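K.L.:
Residue numbers (our numbering), protein chains in the order written: chain Y, 1 to 281; chain X, 282 to 415.
Among the hints, a few may not be true.
Stated by the list, open to error - Selected chain X positions facing chain Y (in silico; Cβ < 7 Å):
| no. | residue |
| --- | --- |
| 1 | V301 |
| 2 | T374 |
| 3 | M397 |
Stated by the list, open to error - Residues of chain Y placed beyond 12 Å of chain X at every Cβ, according to the derived structure:
| no. | residue |
| --- | --- |
| 4 | H104 |
| 5 | E113 |
| 6 | R200 |
| 7 | A222 |
Calculated directly from the structure, the hints in this document are not laboratory data. Being a predicted model, the structure only gives us computed values, none of them experimental. Cβ coordinates follow ideal geometry from the N, Cα and C atoms, glycine included.
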Amino acid sequence: MARISAGIASSHVPALGAAIDHVKTEEDYWKPAFAGYEWTKDWLRNTARPDVVILVYNDHASAFDMNVIPTFAIGCAEKFNPCDEGWGPRPVPVVQGHADLAWHLAQCLILDEFDMTIMNKMDVDHGLTVPLSLMFGQPDAWPCKVVPLAVNVVTYPPPTGNRCWALGEAIRRAVENFPEDLNVQIWGTGGMSHQLQGPRAGLINAEWDNRFLDRLIGDTDALRHIPHIEYLRETGSEGIEMVMWLIMRGALGKKTRCLHRHYHVPASNTAVGHLVLEPEE
Amino acid sequence: MNENIQEYLAELEDIPGTRVYTAQRARKGYWMNQFAMSLMNTANRERWRADERVYLAEWPMTEEQRQSILDRDYNRMLELGGNIYFLAKLFSTDGLSFVQAVSTMTGMSVEDYQAMMIAGGRSPNGMRSIKDGD
């Protein structure tokens, strides 16, 4: 049977991707941001070795324009191409999907009353490819398959934190019902505090971010009740992306154990947060 | 429904220096944002660079919206319904990074903005609520 063996949370700042693509990760400005991923890269390569990652991210007006705005979209294709966000596609491998698992998840989730949008063709932007680069570096091919799960956090309202957590719980049930023996991880990406617009741009709230990280660990479910307005006021307009981390957390069950934690300000306009969690039975 | 939608939307307008991308803004800025997304391929970027006014004339937006784009006045674009993730295609086409583009909205030079970020970013204190002045 398939199982969710671990969860990873990480920011997906586009500039982190650009720093990798342009060989700048050793520069003084970037070094501390990337240093916090070294533990995880080693753990993924030598210990965890997932077969599939369910990668929760948001599309940044790349695959979805103003004509189609799905709240939860699951990528069921065999592969996903990196898209051109205005400066040409990132020089990263094509993302290989896991259509069997993705379709299984879509069917289970819909019957479990989550009305998923099914994507049979979807280009993926930095929201999905930057976390892959952070965790796997620059391989010729990504070492695992990926089921993209895109969440609308651009046009209001995004899904509530509670709904995201509940979707995570449903994903866990669905994965455990998949007959093939698969080591599945779930990653929640985006955040942490950042605001990319208006005179308030540049907002960072390290204290709030760290309390958020604290509460992803252990058996509390307090985070599912944070209203949108709190993310906006405390962590900047783009801090709302953190609701996506709750899908990851919900999928890890009642209690988690922290294997690794990293926090750094700044990467470009953004606070970088990163956690590696294991479900604790 | 747990939320009263009118109260929910009113709170979104209570954050200093911030324009949350609500349905109202999304409807107003529909064509600005669709225009920005059209810059996701080389052929369109070349046509755009060749003559910005001609390219903009193909999109049914208001003169104000067109002018804000020509002026690269990002705060004005947000006011007129633009969304930063869509507009990112415009500043990326201009060769600007997020830090460079975002700093233009803050009234700070890019150097001062970058220094603020390195020093830990802008504090939320006093920036949380217009009505509470907090």
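K.L.:
Evaluate each hint against the coordinates.
P.N.:
Evaluation of the provided hints:
1. V301: Holds. Min distance 6 Å.
2. T374: With Cβ-Cβ at 5 Å, under 7 Å, it holds.
3. M397: holds, 6 Å
4. H104: holds, 31 Å
5. E113: holds, 16 Å
6. R200: violated, 3 Å
7. A222: With a cut-off of 12 Å, A222 of chain Y remains clear of chain X, as the shortest Cβ separation is near 17 Å.
Of the hints listed earlier, the one the structure fails to meet is number 6.
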